[in-house]
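Asker: Chains B and F, in that order, give the protein sequences. Using this note's numbering, read the first sequence as starting at 1 and increasing by one per residue. Using this note's numbering, read the second sequence as starting at 113 and increasing by one per residue.
Derived by calculation from the structure, the hints in this document are not laboratory data. Just so it is clear, the structure is predicted and the values come from calculations on it, not from any experiment. Any given hint could be a false lead.
[What the hints assert, rightly or not] Reference listing, derived: stretches of chain F covered by chain B, where coverage requires no fewer than 3 residues with Cβ under 8 Å from a Cβ of chain B:
id	region
1	122 to 129
2	155 to 168
3	186 to 195
[Claimed, not checked] Only part of the chain B face toward chain F is listed, based on derived beta-carbon distances under 7 Å:
id	residue
4	Gly43
5	Gly55
6	Lys99
7	Ala112
[To be verified] For lysine to aspartate or glutamate, the following EDC-like pairs were computed, each having C-alpha atoms within a straight-line distance of at most 20 Å:
id	chain 1	residue 1	chain 2	residue 2
8	B	Lys99	F	Glu171
9	B	Lys37	B	Asp49
10	B	Lys42	F	Asp197
Ideal placement from N, C-alpha and C gives every residue a C-beta, glycine not left out.
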Amino acid sequence: GENVEQHPSTLSVQEGDSAVIKCTYSDSASNYFPWYKQELGKGPQLIIDIRSNVGEKKDQRIAVTLNKTAKHFSLHITETQPEDSAVYFCAPGGGNDYKLSFGAGTTVTVRA
Amino acid sequence: SQTIHQWPATLVQPVGSPLSLECTVEGTSNPNLYWYRQAAGRGLQLLFYSVGIGQISSEVPQNLSASRPQDRQFILSSKKLLLSDSGFYLCAWGNVQGDSPLHFGNGTRLTVT
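Next comes chain B alone, as it looks inside the complex (with noise of 0.2 Å):
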């Protein structure tokens, strides 16, 4: 199955400074890289995502960057704001195991 490494584990960041979360995969059919956001009680809910015939994909302050040579890709939240502290999942999927492959997951703390 598919192989997920997220980094870091924890990320502290002054409120207004960007903060990039990356996530690297194993399997080279993955076409699918989705990021989800967590806050404490809820389910994840998807925040922005990517295919892989594109290169970086844009949502007001969120950004989600691929690069499918290195089998990787990027969070990146510009402008950080207190309502982003919460947990952050990668998982890629659509490879040859259908299923989604959730990384470990990035604790996001702003700190105002």
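Go by the hints and put chain F onto chain B.
Answerer: The following block gives chain F in isolation, referenced to the frame of chain B:
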């Protein structure tokens, strides 16, 4: 629009008691359904998935079982709970195998005492 309902939100059960958690999806047909467990401060562990009625695949050996009696209903069960079954249980659905978003319920916090 599609919605997913999961209940109860919290549950406290004694060791050795049975368990039944239910998940239903509305607004979509023939979804792939998933049960995940999340230990405190940890990642998501896939327990079961189903691609159709009566079709259940187990990812890890455990004290739990799953059933899909109807297209949009997914049930997680145990005959006798263990302390190690405590955790946050999440149900999710997806349309296409692995290349579309998963939609999660709000989870059930299970504490086995």
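Asker: Compare the structure with each hint and give your call.
Answerer: Each hint tested on the structure:
1. Evaluation of the coverage hint for the region 122 to 129 of chain F: breached, as 0 residues show C-beta separations to chain B shorter than 8 Å, against a requirement of three.
2. Three residues within the 8 Å Cβ limit are the bar, and the region 155 to 168 of chain F against chain B gives 4, so the coverage statement holds.
3. Counting residues of the region 186 to 195 of chain F whose beta carbon lies closer than 8 Å to any beta carbon of chain B gives 0, which falls below the threshold of three, so the coverage claim is violated.
4. For glycine 43/B, the interface hint holds, the least distance from its beta-carbon to any beta-carbon of chain F being 3 Å, beneath 7 Å.
5. Of the supplied interface hints, the one on glycine 55/B is violated, with its beta-carbon coming no nearer than about 18 Å to a beta-carbon of chain F, more than 7 Å.
6. Given the 7 Å rule on beta carbons, the hint for lysine 99/B holds: about 6 Å separates it from the nearest Cβ of chain F.
7. Hint status for alanine 112/B: violated, given a least beta-carbon distance of 23 Å to chain F, over 7 Å.
8. The suggested pairing of lysine 99/B with glutamate 171/F holds, with an alpha-carbon distance near 11 Å, which does not exceed 20 Å.
9. A hinted pair counts as satisfied when its Cα atoms are at most 20 Å apart, and lysine 37/B with aspartate 49/B qualifies at roughly 12 Å.
10. At most 20 Å may separate the alpha-carbon atoms for a hinted pair to count; lysine 42/B and aspartate 197/F meet this at roughly 19 Å.
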